[in-house]
Structure formats: C-alpha cells, structure tokens
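With numbering that gives the first Met the number 0 applied, the sequence shown covers 0 to 220.
Treat the hints with caution; some may be incorrect.
Here are the in silico distance ranges between beta carbons for each label pair [as the list claims (entries may be wrong)]: (1) L53 x F178: 16 to 26 Å; (2) A99 x E60: 30 to 40 Å; (3) A77 x A162: 15 to 25 Å; (4) Q128 x D68: 49 to 59 Å; (5) V205 x P66: 18 to 28 Å; (6) F57 x I93: 19 to 29 Å; (7) E127 x G106: 16 to 26 Å; (8) R190 x D168: 46 to 56 Å; (9) A118 x D44: 15 to 25 Å.
Hint data in this document are derived by calculation from the structure and do not stem from the laboratory.
Cβ coordinates follow ideal geometry from the N, Cα and C atoms, glycine included.
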Amino acid sequence: MYPVRVGLRSALLPLAAAWCFAAPALAQPAAEPRVEPPPAPDALDAELNVAIRLGAIFPFESADICPGDAFCVLGSGASVGVEIERRWPIGIGILVAYDAWFVDSGGVFELGLAQLVRAGMRYTFLLEQIVHPSLHVGAGALIFGDTFLVETVGGAFDVGASAEIELSDSVVLTGGLSFWMFTTSPFTTGRDRTRRSEGAGLNLAVSAHVGLTILADSGGR
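Based on the sequences and whatever the hints tell you, model everything.
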C-alpha cells in the first residue's frame with residue numbers, strides 16, 4: 000500500500016471555494032424591518048361611543064307650565080342620561096339619547112319627572128389631543144308627569160358645549176353645559192286643579208353634567 004500524499008494547495012481549494020460563495024452573502028446588509036404606515040383618517044370607519052351622564056337641571060323660564068300664582072311643577076332637580084353616538088374620524092357624530100329630569104314639583108306631584116328622547120349631531124375638535132371640546136345640537140320628544148305617569152307631552156330642543164378628557168384608549172371623562180327650550184301640551188294638575196301650558200309658550204332651562212363615555216367599537220383604529 001502506497002501512502003496518500005495531499006498537497007497544501009489541494010487542501011486549500013475547498014476552503015477558497017466556500018469563501019467565494021459565502022462572501023457575497025456576508026457583504027449584504029441586514030434587511031431593515033418593514034413598518035406599515037397607519038391608515039389615513041378618511042380610511043377609518045366611524046367609532047361607536049356609549050355615554051352615561053349625571054347632572055343637574057335649572058329651569059329659569061317656566062311661566063307657561065307654572066302660570067300665575069300656581070305652584071310650580073317644574074323646579075330645579077337632578078338629571079341622568081344615556082347617549083349613543085356614531086362618530087367619524089373627521090369629528091362629526093350622529094347621536095340618539097334618553098334623558099330623565101327629576102325635579103321639584105312644589106308638592107303638586109310626589110316627584111316631577113320629565114323624560115326626553117332626542118336625536119342630534121355633534122362636532123368634536125382636536126381629536127388628536129387628550130382634551131377635545133365639542134358642540135352639539137339636538138331635538139326630540141318630551142313627556143312630563145308625576146313619577147312615571149304621563150300628564151303632558153311636548154317637544155324639546157337643546158344646544159350645548161362639552162369637553163372630553165381621555166382617561167385611556169377606551170374610556171373618556173366628559174363634562175358640559177346645555178341650553179334647553181321645550182313646550183308642553185295643555186294639561187290640568189289634579190291636586191290643585193290648575194290648568195297649565197295653555198299659552199303654547201316656551202320653557203327654558205340650563206343643565207350641567209359629568210359622565211363617562213365608553214368606546215364600544217373603535218371603527219378599525
């Protein structure tokens with residue numbers, strides 16, 4: 000048997016070939032991670048907000064529903080409301096709401112209760128900020144009576160301003176003021192036999208509220 004002799008040149012040939020193939024791959028820079036840009040605002044769907052509010056109502060013109068020297072059935076009181084709003088990224092929102100006013104009725108009712116169902120529009124500014132103000136306008140129907148009884152019906156209109164403070168991505172603290180104009184159909188209160196709302200005049204009030212808004216549907220954000 001003859002010994003196998005391997006020259007130095009023959010041993011280095013495989014290493015040189017491997018380096019020729021590997022060098023181009025090593026020379027290429029590492030691929031940068033691909034970052035997708037956020038969608039444009041007009042490409043997003045409308046978000047759905049649900050708000051719960053507590054507040055106070057202060058009538059300041061009630062001569063139509065509280066005529067002459069009669070006991071006034073529409074005094075100051077507390078309010079509670081629920082609102083559902085569909086808001087688009089440009090800040091415009093369409094809403095429906097239910098409000099209940101628990102008011103002092105001067106002893107004529109055990110508890111005066113006005114219930115309102117309304118629809119409206121809201122425009123919200125500075126959506127990219129933590130605090131964003133808004134303006135709203137709405138109109139709807141009203142019923143009023145002793146507790147949950149119906150003594151009269153009517154219509155209501157409101158306009159107001161509010162501010163939202165983002166507590167998290169899905170919870171917002173709200174507060175605001177509203178100006179109300181409403182009218183009721185003629186009715187007679189049984190306890191004092193007084194005829195009310197015969198002049199078809201307007202009653203005026205202001206309300207203040209605080210509440211929480213929950214983002215129920217983000218609209219793809």
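Results for each hint:
1. Take L53 and F178: their Cβ atoms lie about 19 Å apart, and the range 16 to 26 Å holds.
2. Separated by about 21 Å at the C-beta atoms, A99 and E60 break the suggested range of 30 to 40 Å.
3. A77 and A162 have their C-beta atoms about 21 Å apart, which keeps the hinted 15 to 25 Å range intact.
4. For Q128 paired with D68, a C-beta distance near 52 Å keeps the hint of 49 to 59 Å intact.
5. At roughly 22 Å, the beta carbons of V205 and P66 sit within the given window of 18 to 28 Å.
6. At about 28 Å, the CB distance of F57 to I93 agrees with the hint of 19 to 29 Å.
7. Our hint of 16 to 26 Å for E127 and G106 is violated, since their Cβ atoms are close to 52 Å apart.
8. Judged by the Cβ atoms, the range 46 to 56 Å given for R190 and D168 holds: they are separated by roughly 52 Å.
9. One distance hint, 15 to 25 Å for the beta-carbon pair A118 and D44, holds here, with the actual separation near 21 Å.
Going down the numbered hints, you'll see the structure goes against 2, 7, while the others check out.
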